Structures are given as C-alpha cells and as structure tokens.
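Chains as they are written, first to last, in this note's numbering: chain A, 848 to 1155; chain B, 1386 to 1745; chain C, 48 to 560.
Hint data in this document are derived by calculation from the structure and do not stem from the laboratory.
Where hints are given, some of them may not hold.
Mimicking BS3-like on lysine-lysine, the simulated pairs with C-alpha atoms at most 27 Å apart in a straight line are [unchecked claim]:
1) B:K1607 / C:K167
2) C:K52 / A:K1008
3) B:K1391 / B:K1615
Only some residues are given here: those of chain B computed to face chain A with a beta carbon under 10 Å [what the hints assert, rightly or not]:
4) I1475
5) I1503
6) F1529
7) Y1542
8) L1553
Derived DEER-like restraints, expressed as beta-carbon distance ranges [to be verified]:
9) B:A1402 / C:R183: 45 to 55 Å
10) B:V1405 / A:A1108: 48 to 58 Å
11) A:N961 / B:F1434: 49 to 59 Å
12) C:G267 / B:V1405: 53 to 63 Å
13) C:M184 / A:A1001: 36 to 46 Å
14) A:N961 / B:L1581: 40 to 50 Å
15) B:T1498 / A:L967: 30 to 40 Å
16) B:T1498 / C:P318: 54 to 64 Å
17) A:V1115 / B:E1499: 34 to 44 Å
18) C:Y65 / B:A1402: 25 to 35 Å
Note that the coordinates shown come from a computational prediction; the quantities given were computed from them, not determined experimentally.
Backbone N, C-alpha and C fix where the C-beta goes; we use that ideal spot for every residue, glycine too.
For reference, the chains in residue letters:
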Amino acid sequence: MFGAINPAVLIASLMVASVPIMLAALGELVVEKSGVLNLGVEGMMIIGAICGFITAVTTGSPLLGFAGGAAGGAALALIFAVLTQSLLANQVATGLALTLFGLGLSSLMGQGYNGIKPPLTAAVPFGPLRDIPGLGRILFSHDWVVYFSILIIAATWYVLKYTRTGLIIRAVGENHDAAHALGYKVNRIRLACILFGGAMAGMGGAYISLIRVPQWTDGITAGAGWIALAIVVFASWKPWRVLIGAYLFGGITVLQLNLQAAGSSIPVEYLSMSPYLITILVLVIMSSGKGRTLNAPAALGQNFHATR
Amino acid sequence: MFRLEKRPTPSRFWTGATPVVAVILTMLAGGLMFGVLGKNPFEVIRTIFWDPLFGEFAWYLRGQLLVKAGPLILIAVGLSLGFRAGIWNIGAEGQYIMGAIFGASVGLAVFPTENRLIYPVMIAAGAFGGWVWAMIPAILKTRFNTNEILVSLMLVYVAQSILAMAALGFLRNPEGAGFPGSRNFNSYPAASNPELIAGTGMHWGVVAAFITVIAAYVLLQKHLLGFQIKLSGQAPRAARFHGVNPTALVVLCMGISGALAGLAGLFEVTGPAGQISIDFNTGYGFTAIIVAFLGRLNPLGILLAGLLMALTYIGGEMASTNLGLPSAAIQAFQGMLLFFLLAVDVLSNYRVRMSMKGTA
Amino acid sequence: MTSAKPVLLSVEGITKAYPGVVANADVSFQIHQGEVHALLGENGAGKSTLVKMIYGLVKPDQGRMTWRGAAYAPSEPRAARAAGVAMVFQHFSLFEALNVAENVALGMENPPALGALAAKITQVSEAYGLPLDPTRMVGDLSAGERQRVEIIRCLLQDPKLLIMDEPTSVLTPQEVDILFKTLRQLAAEGTAILYISHKLEEIRALCDEATILRRGRVVGTCTPRERTAREMAEMMVGAVLTPPERGAKKDWGDNHPALEITNLSVESPIPFGTALKAVSFTVQRGEVLGIAGVAGNGQDELLLALSGEIRTAEGMVKATGVSVGPLGPNDRRRIGFVMAPEDRLGHAAAPDMSLVENAFLTGAVRKGLTRHGFIDWAATRDFADRIIKAYDVRTPGSHVAARALSGGNLQKFVIGRELSQSPDVIVINQPTWGVDAAAAAAIRQAILDRATEGAAVVVISQDLDELLEISDSFAVLNAGRLTAPRPVKGLTIDQIGLMMGGAHGMETAHVPA
C-alpha cells in the first residue's frame, strides 16, 4: 500500500507541509514564554493568508506577499495586545475573538480572489546539489521559506537561551511582579512578543495560500493554528522541539493526503480526521506528566497590572 | 495617556452598560466597514437591526428570530456555566454535531414506526451524544491534565468528518437517488420538531432554551452548585478551601454544556434544518461563544444577547440578498462585537484616569 | 559620630496619595554615608511606598530628594541603580524557574557574560560569608538562601545605599546574626543601609539612627541604642498596647486529644513546595500549640493537609476522635474542625465576592445556611453581619467585596468567621501576617478566648514573639519535619534557635571575624 510513495518525495513534501505550523508555533512559543496565551493563532494565520495572497497578487511579488502576510498577522495581534495588555481583557476570550473575527474578515477580504493563481515562489537555486539522489530532493529542492523557518528556529533558540533579551522575556513570563519590581516594562515586552507571534503566524498563513495550496479559499487554514498551539505544548516550550513537532504533524498530513491520493482502502474521512486525533493523543501524552515537568511559564495567561 | 485604577468593588452600572456601549461602538465601526465595502452604512445598519423587526417582511422574520436564537441561547447558557468556573469548552460546535447525529440515528433507525415515545428518546439521545463528545476533553483534563481548549476544539474537526461520513454514508437516505443527506424529518411526524405556534418560530428547542435560561438563573443565584461554579472561576484556591471537588466540577460543567449543545443540534436537525447534511450546522457552536460573553455569562443577559445575535444573522441575510453585502461581513461584524465588548469590559472593574504628563 | 559623615540622601517633604489613602505625608529625613538607618513603622505606615520612591518604582506627588547634594528624581529603578541605590525586596523579585546567576543578571544594568558573572557571585558571596551556588535553581533554595541571592545581586552593583525591606522575617535567629555581620561589614566599608522593620530589638542591635513613621507621617526620630524597645513601640503605634490575656485554664476531664496527627506524610502540590515527613503531634482541649518555622518549610502543606484540601490516609489526621484523613473540608467542618489559611485574598476569601458570600464560603455547613442545596441568603447575610459586629471589622457593610477591606480588617473577618462557628479544633496559618498592631492584638485575644472556652488551637506562625505570647506548647516545622512539641514555659531563645535547626544550609558559611 505504501509502494506508490517515494520516501524522498514524502520527506521533501512533509518539510513543505510543516512550514506554516512551524512558523506559527514558534511565534506562539515566544508569546507564551513572555507569559501571554494568545489563542488567536488560527485567526492571525488566516488573516496572514489573505493579506499575503492579496499583496502577492497585486504586486506580483511573492516576497512582498510574505511581508504582507506578516504585517496582517501582526496587525491582528496588535488588537489582541491592546485588549489584553492595556485594557486587561481576558486572554482566553480575546484569543477566541481574534479567531472568530479573523475567519470572518479574511473571507470578506477574499471576495473576488477565489480561483486566482498567486505568483510562484521559485526554489532556491542550489545548482548541481539538487541532483544528488535522494538527499538533493530532501535538502536542496525547496523555496526560501523552508530554510528561513529552520533558521528562525535556531535564532529563537539562541536568543531565548543566550541573550539578555531572551532572559528578560523568560523573566517576564515567570514572574511579572518581580520583573516589574526590577524596573522592566512588562507590558511593553509582552507587546513586542505578541507582535512577533502575530507576524510569524501571518507568514505561516501566507505560506499556505502562496505556496502550499496555492490559491485562496475561505477557511483555508483548516485548524492549522490550533495544531500550532498544540505543538507548543508538545514542544514543552523549547524551540527545537517545535521543529520536531511540526515535522511530525507535517508528516502525518502528507501521509494521509498521499494515502487518499493513492486510493487507500481506509475511508477518506478517517484519514482527514487523523491529524486532529493524533494531536489529541500527543497532548495527552505530553500533559500526563506531573507538576512543572512541562516547563510552562509560571505567569502564562495572567494579566499584569501595576498597582502600587 | 490614560491610567487604570482598580475599583474596590465592580461597578454595577458599567456591568450592565458595557454590552450596550459595545453594541453602539460595533455599529459605528461596522458602519465604517460597510462604507469601505461601498455600501451605505445607514442602510445596512437599518437592514440588519430594524427591518427584521419592523420592516416589510417582519411578520415572517420575527419568527425566524426565535428559530436562530433558540440554539444560540441553549448552547451559550451551557458554555457560560463552564466559562464562569474557568472551564473552557470551545468545542460546542462538535458537541452540537454529535448530538444531531446521535439523535437522528435513533429516529432513522426506527423509521417509519409511529410512536409518541420516539421523539423523547431522540431528545435523550441527542443530549447524550453531546455529553459523550464533551466527556472526552473533560476526562482527559481531569485524568491527564490535558488542555480542554485544544482537545474540545480538535474534536470539532473530528465531528465534522463524522458528519461527512453520516451524510454520505451510514445515514444517507436510501431513497435519495444517491444525493448526500439523510431522510427529511419534516416528513416523518414521530421524529420531527415542528413549529408549535404558526408564525412564531417557536419549536421545542426554543422551549428548551427558555427553560434552560430560567434553570441556570436559579442555579447561579440560589443554589450551592452555582455558588461553587462562580467561586471556582474567581478564586480556585478558595474554592478548594470551601470544599469544591475540581474534578467533579469539570465533569459536571463540561457535561452540562455538551448535553445542551447536543440538544440544540438534535432540535435543529429535526426541525429547521430537517435533515442530516454535510453542512446543516451553521457555526452556532462558535457564535454561541460570542453570545455567552455578550450576555456577560449571565443567563438573562444571554437571552437578550442570543436574540440580538439572531437579529444580526437574519438582518445579515437580508442585507446580503437586498444590498449585496457579502455574508462574511456579518461574521466579521459579530467578531467585532466581541472585541468591543472585551474592550469596554475594563470599565466595570477599573476606573480610567487621564494623567497629563507634561513638564513635571 | 554620624554627623561627621557626609549626607548621602536627603528626603524633603515627600507626599504620595492613592485613592482613599495618603501613603506618605510631608516625610523628611536624611541618611549619611556608612550609616545604618532604620525606617520603623507598623504595617501600612507607609514605609514601603517611601522606599519605592527612593528606588524609582513610584513617583512622589510632592517634595524632593537630594542625592549627594544634587537633585534626585529617579524615573525608574534603572536610574536609581545607576546612581548607586540597591534594594532587597521583601517579596516578588526572584524568578523560581531561573538559576541564581540569571536572577542576579536580571537585577544588574550591564551584567558580564553568565560564566564570568557566576565566578564573581562565588567570589563576592564568600567575601561576605553568604555562600551560594550560581547554577542552582532559585525555586530549590530556602528562604534564607533566596535572600542571599537578592543581597548579592545588590552587592555586585557596588551600591552606595542598600535598602532592605523587612529582611529578617524569613530568617532563623542564627541567619539573622550572619546577616547583621554582613551589614555591619558593609557599613564599615562606607555603604549606607536603609533598614525597614517593625522589630524593635533588631533595630536596637543594628541601627545608628531611626526615623519612625505612623500613618504616613514622620512621628519621631531617635538613636535606637539610647531608647528602650517600649519607648519606640509607643512612638510607632501611638498607644500603649496591652498583651493578650488568658482566661483561667480548666480541666476538661477528657483524656482523648482533640486533634491527633500521626505520621503525616504528604507530597507537596505546590511547585517548589516542601513535602511533609512523618509529622506527629497532639493537641488537648483548651491548649494552644504554636508551630514556628521559616516560610517554605511545609507550613502551607500542613495547613492543606489539615483543612482537607489534600486528602491523606486513614488514621493520619484525627479530630475530636474521628479519623478525617480522607474527608474533604466540609466534612471536617461538620465535626467542628475549622481552619484559616495564610493567604487572605484568594485562599481564605474570594477577593471579588462580597463578605456575605465569603461568610458562606466556610460557614455553610455549621451554620446550616443551605436547604436541599438552596442557599438561604438572608441567614447568610445575618451571619456576615454578626461577624462584622463581633470582631469589629471596619467596612461600609457586608455587601462590599473582600478585596475592598484593609488587610487587618479582612483578617479579622476571616478569623472571626471561623471562631464564630463554635469550633472544637482550630488551625490558623499566620494569624497576624501583614496586620497592624491593634488588629493583631484583637485577633490574638479572640484566639485565646476560644481556647479558654475549650477549643484545641494550632497556630502556625513565623512570628516567634507572637507564638511565645499565646502558645502553651511550641514546636518547629523545618524542611517538612516537626520537632517534638515542648511547653513554652521556660523555653529560651537559644533553645528555640536549636529547634529551628540553626541556620539552614549555613553550615559551610565562612564568616569573617
């Protein structure tokens, strides 16, 4: 039954399939490290998807498209930041609102963009490297975003672990009262992290509409934002594990799509629900550990308001 | 620059006034959005908020109001109990679908028997279906500490796949000439949920919604359980000190909200929708979240919020057919409403002070 | 002696008001170089607000400050630190999930790389007799060690003025001695120290000058060594306080202990908490057992296990002869076993709920406030009003939210709520923490009165003076273990120090002579 599927092609395509959730999950990881729970990833992704699509189609430049996607995601994240950081709204409710609003607004913005092909993003020209059997297909056949997403994971890991900026972000997420007492601007630091998270989610969304699908349809993200949230838990808030998690889910998605295409005897519906069921399974395994082994930031989801 | 100052006691005035302010702000911002879309904002707002109640077709549309509000209220009241306790079931859409499938399966299994007991059994099965679907995140949360937000949401996608299977496979109408979708319950009296009073839109689901509102109101105001729900949400440690069993509370709140969502699904599929089809669900499970917050998680507030949200649905459809407003605009409009509500909510707990930072 | 030294910081006419409260009114004082200056006052006297203004966390409404002769108005802690002001906080400035070096780095302007910083921490900590491992997680440290992290964080900045906010509340007597040696060494090197406390004997032992605050105003200055503790106490409180009185002891003719704890061992449900290890004790009717110990040694866990928030095995906890280990809080209340946790806002009471609802919180069972699960709100309101009246809770009424009350008034409400349920066994954690002297005296008296009426009482407290004042017997909780209780009569401070296990983790301390 797997005979029709070439492993090199499978790995290469899972790398592509995992880019959107990887970017979105990484952004959310930074947001959560600073102590903020933004459940609006799905909304920011889909706004990123449509903003990126419109920008790319209008300007003809996929690169500008990604910038537009990031800007769109960050703009929606800004609403979240104002509501939760300045107006102290409940983070869970605001995140849900972001998703509901994003789904509606994206579909509104996408009127008239159905069925259009976006400009193509070419693979990075690696020349002869691409022709290495197997390896060339896996490592050297992709567009720049695939490499960018891995690069930014490494950068985030480095910043969080080794730099003062990273230390301050972690400190704010651990104990905002202490950070405030030491003179750090808790809400501003969180605002910056939220915007970064929005930009990453927006780019991830743009990748779906510009490269992965590539076209615009309503509800195109189909729960990818929620899976990204689950990957942050799976990753125990560690950047490299986001990579593993995203590849895992990318792999499942690609595999089930390939099985569908190969006319497997398993009904289509079972295959299409499998990524969600596996997400639940992984969440259960990851969270069944006791206490703080999960490594979640201590102030996650709590709003900060300086009193005296 | 403005500064927020925590009020010693939440303001009663603002607690009641914030939803009204939010609605007004949403009308302003929404009008702006409609203007950008090239429509006349006043006309659109009038079409959405005025015409369904007092316009030319109000005699028909007023009935539709209850049809749309019924499931929204039913689901939102259930969700609000959980939200108050800090239990975030956001997968009501999935529980709604499963309730419909369970209930419909019972009805279709005995087709074409005519018996008075069939519909009550279907109602029980619908509630059971929603309850079962909500028990999955509840048990995973209490047993493994798994995040109920993510699990309940993932189960929406799973439920949608199951719905597709039902509509295309195991519940498909054998006499339907291969078209997707089940038999129509409106032509099977023992299993249907008809309009009870012609022209009002009142069906059993609406009756259930009203009963639920009253029951939830009494529960929250007068009953120990309601006190425990509120206490758990506001001060979880104080709740344990009082003697609340957190596990039992999660199971209970998730169970109630799941069962109510399941009921809403059953009433919808046997009444207004008529049959199981791939897209009989119209996102009530998600919109109910907005309704719950707009109603300030208070049963009576939810009643009003449900009616208001139903109005935007009906008015939105009218604006769509009469004025060519994209239907997605209404979805964005509803999301905006939730934003404004969350934004002005700050006024009930905080005082806003202007601070002039000049040359000090 | 002090007048010979140049003035370091001068505070003139500082005023700061919050809605409903004037925290500081026209406060003026001076600190000289190398001087240990005490800021003395009760809880709520305005000490913390004042030092937060010096540290740049809060801006004064009026008045000005001068630092070494130049105008000084720090807009944020960074500016204060740059000028040479460092502060050791009473709470809230450490990050449990970060290690010592990271915690220190966060409090510095331009910290060196973590490796170099770690070496420096080791060096400085040894020079001042405060050994510390820079790679350990702060969450795993004892309270005394955590304070060292804060002190070293300050010392690495080479401060001219070191502010210490209630530094000894978390230390054992031996740790206090070590701290004082460090502070004297610093003062001798020319660092000025602003020492905030309400403990008079400490101030007499350590400080050169004292400024006394009451209700936000300076009510006096003195040289502590030349005054008695009693004189200073009267300046601080503004009235002469009578110690609580104990009614005559009766023989209850009952040889079953009212509370019997046998080999109680539980894991901590709190992150970085302390497990209880084989805790055993008994309390008779009419007896007050005081449990001392530095916070974080299992006090919270002990209260949770006694209140029923942590269930334990059959036989570990027996109250009035009934084994209640597996029972929840309400079943325990039903047999007359009540408790009051330390944290008023969020644990003992729900901050956003009214006093009526908070009265229901624990009173429901014994006061019969429900019928078939429905709440009798009229009776509950009655109960709340009676607590307010009997325990002199200052509030506009029972309808206000708990968080609107001052700490002392809410504590009176919480303790009153438990005591007015005619309990047979009472457990209270930190009865007077953060409470002003008058309220504290009232609370202690109420507890003693209930004991006189025949209740068995367990008081868990960090305040040794309080425990010695009200307890009949005394035990210490240290790293989750309880010492055997001993009668209070005849107990010396040295013996208590030994019971407290000396200075935790200080065995390796190298204290320069």
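Taking the closest Cβ pair, is I1475 of chain B under 10 Å from chain A? Nearest chain A Cβ about 6 Å off; hint holds.
A range of 25 to 35 Å was offered for this pair. Does it hold for the Cβ distance of Y65 of chain C and A1402 of chain B? 26 Å, holds
With respect to the beta-carbon atoms only, verify the hint that G267 of chain C and V1405 of chain B lie 53 to 63 Å apart. Because 55 Å falls inside the window, the suggested range holds.
Starting from the range 30 to 40 Å, see whether the pair T1498 of chain B and L967 of chain A falls in it by beta-carbon distance. 60 Å, violated
When you take the CB atoms of N961 of chain A and F1434 of chain B, is the distance between them in 49 to 59 Å? For N961 of chain A and F1434 of chain B the Cβ distance comes to about 30 Å; the hint is violated.
Is the straight-line distance between the alpha-carbon of K1391 of chain B and that of K1615 of chain B 27 Å or less? Holds. K1391 of chain B to K1615 of chain B sits at ~21 Å (cutoff 27 Å).
With the threshold set at 27 Å, check whether the alpha-carbon distance from K1607 of chain B to K167 of chain C stays at or below it. 62 Å, violated
Regarding A1402 of chain B and R183 of chain C, is the given constraint of 45 to 55 Å on their beta-carbon distance met? 52 Å, holds
Can you verify the interface hint for F1529 of chain B: is its Cβ closer than 10 Å to any Cβ in chain A? 4 Å, holds
Straight-line alpha-carbon gap K52 of chain C to K1008 of chain A, limit 27 Å: Status violated; Cα separation ~46 Å.
In this structure, is the beta-carbon distance linking V1405 of chain B and A1108 of chain A contained in 48 to 58 Å? Because 53 Å falls inside the window, the suggested range holds.
Verdict for M184 of chain C, A1001 of chain A (Cβ pair) under range 36 to 46 Å: 26 Å, violated
This entry does not satisfy hints 1, 2, 5, 11, 13, 15, going by the numbered hints stated previously.
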